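Undergrad: Single-letter residue listing:
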Amino acid sequence: MLEASKLECVRGERRLFAGVSFRLDGGEMLYLQGRNGSGKTSLLRMLCGMTPAASGEIRWRGKPIRKLGEEFRSELCYLGHQNAIKEELTPLENLLSAARLAQEALDEDSALDALEQVGLHGREDLACRYLSQGQKRRAALARLVHEKRALWVLDEPYVALDTAAVDLVARLIGAHLQRGGLTVLTTHQSVAVPAGAVRELWLGTEEAGDARHALTEC
Amino acid sequence: MLVLIRAVIGRDLRLAMRRQADIVAATFFFIIVVSLFPLGVGPDADQLRKLAPGVLWVAALLATMLSLPRLFADDHRDGTLEQLALAPQPLGLIVFGKVIAHWLVAGLPLVLLAPVLGIQFDLANDALAVLTLSLLIGTPALSGIGAIGAALTLGVRGGGVLLSLLVLPLYVPVLIFGAGAVDATVSGLGPQAHLSLLGALALGGVFFAPWPTAAALRIALE
Amino acid sequence: MSNRVINWFRYASPQTFYPLAGKLIPWFWALAAIFGVAGLSIGFLLAPTDAQQGEGYRIIFLHVPASWMSMFIYLVMAFWAGTGLAFNTRLSGMMASALAPTGALFAFLSLWTGALWGKPMWGAWWVWDARLTSELILLFLYIGFIALQAAIDDPRRADKAGAILALVGVVNIPIIYFSVKWWNTLHQGASVSLTKAPSMAAMMLWGMLLCALACWMYSIAVALMRVRTIMLERERHTDWVRALLGERE
Chain A
1 MLEASKLECV RGERRLFAGV SFRLDGGEML YLQGRNGSGK TSLLRMLCGM TPAASGEIRW
61 RGKPIRKLGE EFRSELCYLG HQNAIKEELT PLENLLSAAR LAQEALDEDS ALDALEQVGL
121 HGREDLACRY LSQGQKRRAA LARLVHEKRA LWVLDEPYVA LDTAAVDLVA RLIGAHLQRG
181 GLTVLTTHQS VAVPAGAVRE LWLGTEEAGD ARHALTEC
Chain B
1 MLVLIRAVIG RDLRLAMRRQ ADIVAATFFF IIVVSLFPLG VGPDADQLRK LAPGVLWVAA
61 LLATMLSLPR LFADDHRDGT LEQLALAPQP LGLIVFGKVI AHWLVAGLPL VLLAPVLGIQ
121 FDLANDALAV LTLSLLIGTP ALSGIGAIGA ALTLGVRGGG VLLSLLVLPL YVPVLIFGAG
181 AVDATVSGLG PQAHLSLLGA LALGGVFFAP WPTAAALRIA LE
Chain C
1 MSNRVINWFR YASPQTFYPL AGKLIPWFWA LAAIFGVAGL SIGFLLAPTD AQQGEGYRII
61 FLHVPASWMS MFIYLVMAFW AGTGLAFNTR LSGMMASALA PTGALFAFLS LWTGALWGKP
121 MWGAWWVWDA RLTSELILLF LYIGFIALQA AIDDPRRADK AGAILALVGV VNIPIIYFSV
181 KWWNTLHQGA SVSLTKAPSM AAMMLWGMLL CALACWMYSI AVALMRVRTI MLERERHTDW
241 VRALLGERE
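First to last, the protein sequences are chains A, B and C. One point on numbering: in the UniProt record's numbering, the residue at position 127 of the first sequence is 127, and numbering is uninterrupted. One point on numbering: in the UniProt record's numbering, the residue at position 209 of the second sequence is 209, and numbering is uninterrupted. One point on numbering: in the UniProt record's numbering, the residue at position 86 of the third sequence is 86, and numbering is uninterrupted.
Keep in mind that the hints were calculated from the coordinates and are not lab data. Accuracy of the hints is not assured; some may be wrong.
Below are the SDA-like pairs computed for lysine to any residue, each with C-alpha atoms no more than 20 angstroms apart in a straight line [what the hints assert, rightly or not]:
#, chain 1, residue 1, chain 2, residue 2
1, A, K63, B, Q89
2, A, K67, B, S196
3, A, K67, A, E108
4, A, K67, B, G92
5, C, K181, B, Q89
6, C, K23, C, K181
Label-pair restraints from in silico Cβ distances [as the list claims (entries may be wrong)]:
#, chain 1, residue 1, chain 2, residue 2, range
7, A, A54, C, W112, 53 to 59 angstroms
8, B, R77, A, G56, 47 to 53 angstroms
9, A, N36, C, D239, 48 to 54 angstroms
10, C, W112, A, E70, 27 to 33 angstroms
11, C, R236, B, G42, 57 to 63 angstroms
12, C, L20, B, R19, 51 to 57 angstroms
13, B, D122, C, R157, 46 to 52 angstroms
14, B, E222, A, V198, 36 to 42 angstroms
15, A, V166, B, G199, 21 to 27 angstroms
16, C, R157, B, G42, 45 to 51 angstroms
17, A, Q178, C, V171, 24 to 30 angstroms
18, A, A105, B, R19, 26 to 32 angstroms
19, B, D122, A, G69, 21 to 27 angstroms
On a predicted model such as this, the values are computed, not experimentally measured, just so you know. Beta carbons are placed, not taken as given, at the ideal position from N, Cα and C, and that holds for glycine.
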């Protein structure tokens, strides 16, 4: 469903990677690894269509994502480095307004349920600026609980979370894969996802001028 | 489509209400700048009446400049802008909603204050009415055109000053027709022509400017 | 200009355009010099003294071409900027950034010479005439463009952001011009009509046209030189630039 062919990424004057190709089908997860600065986030942003690739192409259901535009974005859920949480709003308001802006039907009950699942019960009505880093991350991840869109692109979802929350996110991803969804994620923590096929992609750091990468299947 | 625009406006207004200090600061800036002019040029009522439309309009431009940098900067910093750009609707529509919200928060208070400040300048009643009307019609254009500059300077070094440099020249027509409408009333020509042109600029600013703004935002997110 | 545009599309890659530009530059300099000498000698030696304005009017041989070029270059710049956005070609953005300083220079020259002309003719260095005011705003637009590009570190982003600004500016220039004109007629006091120029002697017209051609050729030559520098700077890590610089060392 999601195919990348010969992607190249140039940041400023440095070429971060080149010739990155992979193919991901329903129920599969791509586990993106590499050192800091190897271009993991850049690759994720490329997959979302935010950053254009210096060369190469990304196809979704056989069509280039540049041409699909909104059609592709309506099947995409991206969770970036930043939480996209408004400090002035409460977790509940954040969750509801994010859903409304993404034009998803999310009623207040399911939103409350999602917040309870990520362990923010009792803090739904507290402005997010009073939450800890981990709690803010949980508030951001609450979006995933009822997220039905097919492609999840997650940048370091486990950062700042405690083990219980990490398990929860892994379970959510597992359930998503079981439904036939796709996930692309980066992380420095190795976390076992309970279901679905996992592919790994290593983004090599630049040494001799060209990037190395390897695609392994496990 | 309307649902989306309403959602954007609602969210931005709610955020502004939780952070009232910003609105209050920009509004007081407007009041102070306008009140400084009589101190600078003297209390002669004839002269003040002549200066009033220009002073109020220039102060309105400057007050808008003050609130523009934050139009997208907060969303950019906390990652919300990425989410907006990835939403399955044209980004231009979202920008349109944000422009409306910006006007409600930053433009409308200026309009409401204008008659009070106009009295300081000894403006006659009809001139006061036209001044308020011209600001009511013209300030949306300031928000719309300003959004382009805010998007272009997003995350750029010295963004605030650069923003003024880019946007103020583009405000010239709005300033001319806005202040001109009041002048025309005072000199007995009637403000209709000015006000209709101002209305045309406002429509252009609010409905066309979101699209280059959206393009500029996508560039800033690359 | 049109057949050169086609050439530039074919030579859209900096690598092929760089040597071509190098070959063209001397020709444009030569043309600029020839037209300049011809135009100025007509303007200063052959054109008759103006009955009303005396010798002072001769500054128009610089003033008018400078004003024309300042407006024309903005259009060309916006054209390149738009092409860059539409086709994502590297060269277009470089051309736009290379043209901006020349355009700003001409806008400034036009204001400067206008002031020098205005003092003896109108008795004031500056009047709020519609054309002067629009020219001033045009200068601001150029400065905004240059400042925006200078403030953005990533050259690709700088090109694209500048392109949007240039296009927005192009849409706005007519609006600004007409609004200023209208504003000016409303405030009759300061207005000085430039349009009622005395019917111009054929000799003056020739001098002015030649000077305009000289300015045009100069702009192309300078823009090409600048674009070559920008190319080297931006592509300094590519093989072709390394090879080129290696040859020279």
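Undergrad: So, for every hint listed, does it hold in this structure?
TA: Hint-by-hint comparison with the structure:
1. A:K63 to B:Q89: Status holds; Cα separation ~19 angstroms.
2. A:K67 to B:S196: violated (40 angstroms)
3. A:K67 to A:E108: violated (35 angstroms)
4. A:K67 to B:G92: holds (18 angstroms)
5. C:K181 to B:Q89: Given that 20 angstroms is the threshold and the Cα spacing comes to 41 angstroms, the pair is violated.
6. C:K23 to C:K181: Roughly 44 angstroms separates the two Cα atoms, so the pair is violated.
7. A:A54 to C:W112: 53 to 59 angstroms: With Cβ atoms ~44 angstroms apart, the hint is violated.
8. B:R77 to A:G56: 47 to 53 angstroms: violated (30 angstroms)
9. A:N36 to C:D239: 48 to 54 angstroms: This hint is violated: roughly 29 angstroms between Cβ atoms.
10. C:W112 to A:E70: 27 to 33 angstroms: violated (51 angstroms)
11. C:R236 to B:G42: 57 to 63 angstroms: For R236 (chain C) and G42 (chain B) the Cβ distance comes to about 60 angstroms; the hint holds.
12. C:L20 to B:R19: 51 to 57 angstroms: Between L20 (chain C) and R19 (chain B), where Cβ atoms are some 56 angstroms apart, the hint holds.
13. B:D122 to C:R157: 46 to 52 angstroms: holds (50 angstroms)
14. B:E222 to A:V198: 36 to 42 angstroms: violated (30 angstroms)
15. A:V166 to B:G199: 21 to 27 angstroms: violated (57 angstroms)
16. C:R157 to B:G42: 45 to 51 angstroms: Hint holds: Cβ distance 49 angstroms, inside 45 to 51 angstroms.
17. A:Q178 to C:V171: 24 to 30 angstroms: violated (52 angstroms)
18. A:A105 to B:R19: 26 to 32 angstroms: Hint holds: Cβ distance 29 angstroms, inside 26 to 32 angstroms.
19. B:D122 to A:G69: 21 to 27 angstroms: violated (56 angstroms)
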